[in-house]
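Asks: Sequences are here, hints too, so could you generate the full structure?
Each residue of the sequence shown is one higher than the one before, starting from 16 at the first, in the numbering used here.
No wet-lab data here; the hints were simulated from the structure. Just so we're clear, the structure is a prediction, and the values are computed from it rather than from any experiment. Check the hints yourself; a few may be wrong.
Said to hold, decoys possible - Result set (BS3-like, lysine-lysine): computed pairs, CA atoms no more than 25 Å apart in a straight line:
hint, residue 1, residue 2
1, 17, 43
2, 38, 121
3, 219, 251
4, 121, 17
5, 43, 60
6, 230, 219
7, 60, 207
8, 219, 207
9, 230, 251
10, 121, 43
11, 207, 230
12, 109, 121
13, 246, 219
14, 60, 38
15, 230, 246
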Amino acid sequence: MKFDILTLFPDMFWGPFAHSIIKRALEKGLLEINTINIRDFTTDKHRIVDDYPYGGGAGMVMKPEPIFRAVDFIAERDGRGPENIILLSPQGRKFSQNIARELALKEHLVFICGHYEGIDERVREGLVTDQISIGDFILTGGELAAMVIVDAVARLIPGVLGEEMSAADETFSQGLLEYPQYTRPREYRGLKVPDILLSGDHGKIARWRRQQALKRTLAWRPDLLEAVTLKEEDYKLMEEEITVDPRQIKD
16 MKFDILTLFP DMFWGPFAHS IIKRALEKGL LEINTINIRD FTTDKHRIVD
66 DYPYGGGAGM VMKPEPIFRA VDFIAERDGR GPENIILLSP QGRKFSQNIA
116 RELALKEHLV FICGHYEGID ERVREGLVTD QISIGDFILT GGELAAMVIV
166 DAVARLIPGV LGEEMSAADE TFSQGLLEYP QYTRPREYRG LKVPDILLSG
216 DHGKIARWRR QQALKRTLAW RPDLLEAVTL KEEDYKLMEE EITVDPRQIK
266 D
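Replies: Here it is, written out as structure tokens:
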């Protein structure tokens, strides 16, 4: 999958993308991430990318010409114009795991990172096919939003995660928060691993995990349950406590 990121600050990306899962996916050729400096497509010696807004007002507005030329560059490079051009904007639809899944089905995404008081409206009218926001707050620019979206989308591309079930079990993947996770030691500072996880009974463990995911979602993010189709068994799990016979626990 290819990502092209139009930005005024391309160097910001190579810290986050030079580590962990994204780095390994780049090395395997599963991802291609290109940062394209919008200033490279200016025509004046000062490489100016912004100007005063028509009609007055505070701040500056990003000029349309360099952005259009940057997209023209992508089209010439690839032999065709990009189909998915996303403006990172607080006016966009709010990013979610469902949108990440939607974007992961695309072969090529172009992100435009805004700055200043905004971008000339003709960029929206003439180029942009989608607008996405990562939340109801204001950032200095779209770069951080682009990093978040690339990371979330990349995890869903086959082969990027070492174990394909990892993505399926994560928080939001099934509409619920993830169940609690434990590892060794069995007891630390008086805090113990739940007995059921040591029982070896995979059926009961799966049922306990489902229960914990349901209860955690109900307590912390009840809004998520509105979009989840719950079964009769789920309602029972939210009301009961699952216990385990101590004799089933394996040392």
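Asks: Which of the listed hints are broken here?
Replies: Failing hints, ascending: 5, 7, 14.
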